[in-house]
Amino acid sequence: MQVSTDMSFITLITEASFVVQVVMLILVSISLVSWATIFKKYAVLKKAKQQSDKFEEEFWSGGDLNTLFQRASSRRMEAGPLERIFEAGMSEFLRARDKKGLTDYALIIDGARRAMKAAFQRENDLLERNLPFLASAGSVSPYIGLFGTVWGIMHSFRGLTNVQQATLAAVAPGIAEALVATAIGLFAAIPAVVAYNRYANDIDRLSTQFESFVEEFLNILQRQH
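Numbers in this note's numbering are just positions in the sequence shown, counted from 1, shifted up by 6.
Hint data in this document are derived by calculation from the structure and do not stem from the laboratory. Hints should not be assumed to be uniformly reliable.
Claimed, not checked - Straight line, CA to CA, 16 Å or less: simulated EDC-like cross-link-like pairs of lysine to aspartate or glutamate: (1) Lys52 with Glu134; (2) Lys60 with Glu84; (3) Lys55 with Asp210; (4) Lys52 with Glu84; (5) Lys53 with Asp208; (6) Lys52 with Asp208; (7) Lys46 with Glu221; (8) Lys55 with Asp116; (9) Lys53 with Asp104; (10) Lys46 with Glu134; (11) Lys53 with Glu134; (12) Lys52 with Asp210; (13) Lys123 with Asp208; (14) Lys105 with Asp116; (15) Lys123 with Glu222; (16) Lys55 with Glu84; (17) Lys123 with Glu221; (18) Lys55 with Asp208.
These numbers were taken from a predicted model, which means no experiment stands behind them.
Construct all of the structure, not just a fragment, from the sequences and the given hints.
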């Protein structure tokens, strides 16, 4: 085993065994994808919150429902999640109300409820997209790093068979190389776990906002009978 006195971080990586280097590469890749997901999800959730708050403010400002519906229909792709849920419910309500032979108002309201429930689920799925990756990265990365550490330590001790006198100086570089894998694993896992918990909480709050709006909007439709 080659004994190196250079304990710099770069040297520990470049002189690590092939398996440990592969583990490090995997962890760095996971970390990069995690950070990209974190920034992208932050922007998506922030925009969804701002759009939903703005639409809810417009909705409760006393504006005409038909005007809000026409605006939401004309810009469906640019609309926020809450506005799309409203558009789905209002569209189904108007379609069922104008349908000939359908006089049961409860069925009309129920149709609007089911339409908004389906739209709510679609919006929720969009908000949760890529979130499971953060959970997986946070839970798996430490174990991948630990595997690299165990393998590196095993490789380091196997190298002692070629050394006549085993000293701390001989084994320390190999152990240090192996521990770098654990450090990188933690570096990849901690931000992913923190971001996952934060974003899961933000999505829950948005879901509660959507559900409350759906119930309040249905109450408004029922009073129009």
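- Query: Hints broken by the structure, by number, lowest first?
  - Reply: 7, 8, 9 and 13
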